[in-house]
Amino acid sequence: MAWEPSPKPPVTLDASPLEEMSKNERIKAESQGLFHVLDPKQPHTFGDELSAMEVGEAETIGNVAKELSKFFGIYKQQIRGERGRKTGDLVFMIRIKNPGGGLLSPKQWAALDDTADAYADSTLRITSRQAVQYHRVFGKNLRALVRHLNQAYLEGGTLAACGDVNRNVMCSPIDGLDPECDVRGGQLAQALAAELAPRTGAYLQIFLSTEDGQKNLTPEEPIYGATYLPRKFKIGIAHPTDNAVDVLSQDVGLVPADPDGVAWDLYSGGGMGLTHNNPATAALPGLYLGRVRRQQVVDAVRGIVTLQRNHGDRKDRKLARWKYTIRRLGLERVRAELADTFGVELSDSEPVALPPMQLHLGWNEQRSGGGWYGLSVENGRLQGAQRRAVRRVVDELGASVCLTPQQDLLLCNLADREGVESILAEEGVALPETVSLVRRNAMACPAKPTCGLAMTDAESILPRYIDAVEEAGLGDTDVVIRMTGCPNNCARPPTAEVGIYGYGKNDHVVLVGGSREGSRLAHTLYPRLAGEQMVTALVGLFRAVKERNTEGLPVGEFLHRTAPEQLRAWVGLEVEV
2 MAWEPSPKPP VTLDASPLEE MSKNERIKAE SQGLFHVLDP KQPHTFGDEL SAMEVGEAET
62 IGNVAKELSK FFGIYKQQIR GERGRKTGDL VFMIRIKNPG GGLLSPKQWA ALDDTADAYA
122 DSTLRITSRQ AVQYHRVFGK NLRALVRHLN QAYLEGGTLA ACGDVNRNVM CSPIDGLDPE
182 CDVRGGQLAQ ALAAELAPRT GAYLQIFLST EDGQKNLTPE EPIYGATYLP RKFKIGIAHP
242 TDNAVDVLSQ DVGLVPADPD GVAWDLYSGG GMGLTHNNPA TAALPGLYLG RVRRQQVVDA
302 VRGIVTLQRN HGDRKDRKLA RWKYTIRRLG LERVRAELAD TFGVELSDSE PVALPPMQLH
362 LGWNEQRSGG GWYGLSVENG RLQGAQRRAV RRVVDELGAS VCLTPQQDLL LCNLADREGV
422 ESILAEEGVA LPETVSLVRR NAMACPAKPT CGLAMTDAES ILPRYIDAVE EAGLGDTDVV
482 IRMTGCPNNC ARPPTAEVGI YGYGKNDHVV LVGGSREGSR LAHTLYPRLA GEQMVTALVG
542 LFRAVKERNT EGLPVGEFLH RTAPEQLRAW VGLEVEV
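Just add 1 to the spot in the sequence shown (first one is 1) and you have this note's numbering.
Derived from the structure by calculation, the hints contain no laboratory data.
Source: prediction; values computed, not measured.
Careful, some of the hints might be misleading.
Lysine-lysine pairs mimicking DSS-like chemistry, simulated, CA-CA at most 27 Å apart [stated by the list, open to error]:
| hint | residue 1 | residue 2 |
| --- | --- | --- |
| 1 | K108 | K233 |
| 2 | K141 | K319 |
| 3 | K71 | K233 |
| 4 | K141 | K9 |
| 5 | K24 | K9 |
| 6 | K108 | K24 |
| 7 | K233 | K24 |
| 8 | K24 | K316 |
| 9 | K506 | K141 |
| 10 | K67 | K319 |
| 11 | K42 | K77 |
| 12 | K316 | K233 |
| 13 | K108 | K42 |
| 14 | K141 | K108 |
| 15 | K316 | K71 |
| 16 | K108 | K9 |
| 17 | K506 | K67 |
| 18 | K506 | K77 |
| 19 | K547 | K319 |
| 20 | K506 | K547 |
| 21 | K67 | K141 |
| 22 | K24 | K67 |
| 23 | K42 | K24 |
| 24 | K506 | K9 |
| 25 | K547 | K71 |
| 26 | K77 | K67 |
| 27 | K67 | K108 |
| 28 | K108 | K506 |
| 29 | K9 | K233 |
| 30 | K9 | K42 |
| 31 | K24 | K319 |
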């Protein structure tokens, strides 16, 4: 479905009163820096709701507090049973912030690992934005978990991991590790994360202070203002040889234009989320704004964030992302505003070619000496023997950990390969090269039964689909496949060679033809396919890739060039389109 700009005039911060904005905007403004829950029945603080859960007076937080909780890295959830009904425990998901994916010191990793057993479900979930999530956290443990992470992992360790602010800044996981090239993208990630971090003192007061009262609060943010951004904001930084961050899927994407990281190609306005049957929403790639000098990167991004703050739609959250705002304003106006208001000099240079996505698995030489070892983590769910092995490598070999955009992890600063592989063998963990290519390339979001937005399964079902592909003798087919349970597309299926996202309680949209470089979005092959048909569709697709690609084209190019009706004929599964 082609994108159609909304005909409705936006309600914006610079032109509209608060009364015309959505309820979310009023909740943010009335919170006075995320501190107060101005429930019309009984005004109170966010901390009051945490205290009620700690003493057993409440199982969860209210709906007003739920909107504020996201800014603190917290999502209110309920376990869902058959056909998605919310029938199980009231729980929370908590996400850390981790600019650039690491490097996480041995002490930091130990803190993250300990948290899984002490407060959550004994798993660590690596996200597609290089962070960690904890699932099935009960309300009575919520404040204790956040306090523990702030003391043992990182101060402000969950602040702005969610919410209408800049999210975790992504960076190629090999930045600083690659012996051939160092563009210092990780330093930019840290600088951007620090510049765009919320300044409110509410987080400290609510989660870390043992005293009552309202102290150290900043009612209005210097960058975000009282209402923060209209929606979340995402940044990704590529490496000369690696676009694992999918720069064109970001609100701001940065690609090094030289091997020293002196100049950067600036893309803006990407985003993969959409709403079913709403043509005013769509997965859209970032647009090229120009080339910016390294010393002005932070200024440029701050300027873009400010433009989104002032001009983003605050009435309809489905249309509130920067990808719609930038297209409504137009590139020339955005460039002019960056120059005139923020002093950013953009040169109209030919952008460098985007590099492909890399996995970085197995043993690799490290820039500082020794090496790193990339471990494939299926759908990012680190648990059981694999989790024990990682902890042993950290404790016994002193490894640091870096998280990847493919939901894998790199064990870094290692003296030799033998020590790592010995521990993996003792714990019964498969070496990366023994895992099929299809499984290594696959990625899924958590989806059901925890995510309240999910329409279908993803993490829990994709491994079974891959089992079927492997059983058909197609496991060595080098195809990037990504799956999400809804069209928010957290695992970025629209840029995959084969992408899947949920539609209804048991149906899926199947996309094909994205590129390994993230430079082309996939198109729809099946607009709606029942779960019972997915194995047939995927096995047929992978067989077509293996047997019909006689020119040896890159998989995404082959699927892009082949007419959808021809692909469906080869698959042997026709549906109404």
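Checked hints:
no. : hint        : result
1   : K108 / K233 : 30 Å, violated
2   : K141 / K319 : 33 Å, violated
3   : K71 / K233  : 10 Å, holds
4   : K141 / K9   : 44 Å, violated
5   : K24 / K9    : 18 Å, holds
6   : K108 / K24  : 42 Å, violated
7   : K233 / K24  : 16 Å, holds
8   : K24 / K316  : 8 Å, holds
9   : K506 / K141 : 31 Å, violated
10  : K67 / K319  : 18 Å, holds
11  : K42 / K77   : 21 Å, holds
12  : K316 / K233 : 15 Å, holds
13  : K108 / K42  : 45 Å, violated
14  : K141 / K108 : 26 Å, holds
15  : K316 / K71  : 19 Å, holds
16  : K108 / K9   : 51 Å, violated
17  : K506 / K67  : 25 Å, holds
18  : K506 / K77  : 21 Å, holds
19  : K547 / K319 : 39 Å, violated
20  : K506 / K547 : 31 Å, violated
21  : K67 / K141  : 16 Å, holds
22  : K24 / K67   : 13 Å, holds
23  : K42 / K24   : 16 Å, holds
24  : K506 / K9   : 30 Å, violated
25  : K547 / K71  : 44 Å, violated
26  : K77 / K67   : 6 Å, holds
27  : K67 / K108  : 31 Å, violated
28  : K108 / K506 : 42 Å, violated
29  : K9 / K233   : 21 Å, holds
30  : K9 / K42    : 34 Å, violated
31  : K24 / K319  : 14 Å, holds
Of the numbered hints listed earlier, those contradicted by the structure are 1, 2, 4, 6, 9, 13, 16, 19, 20, 24, 25, 27, 28, 30.
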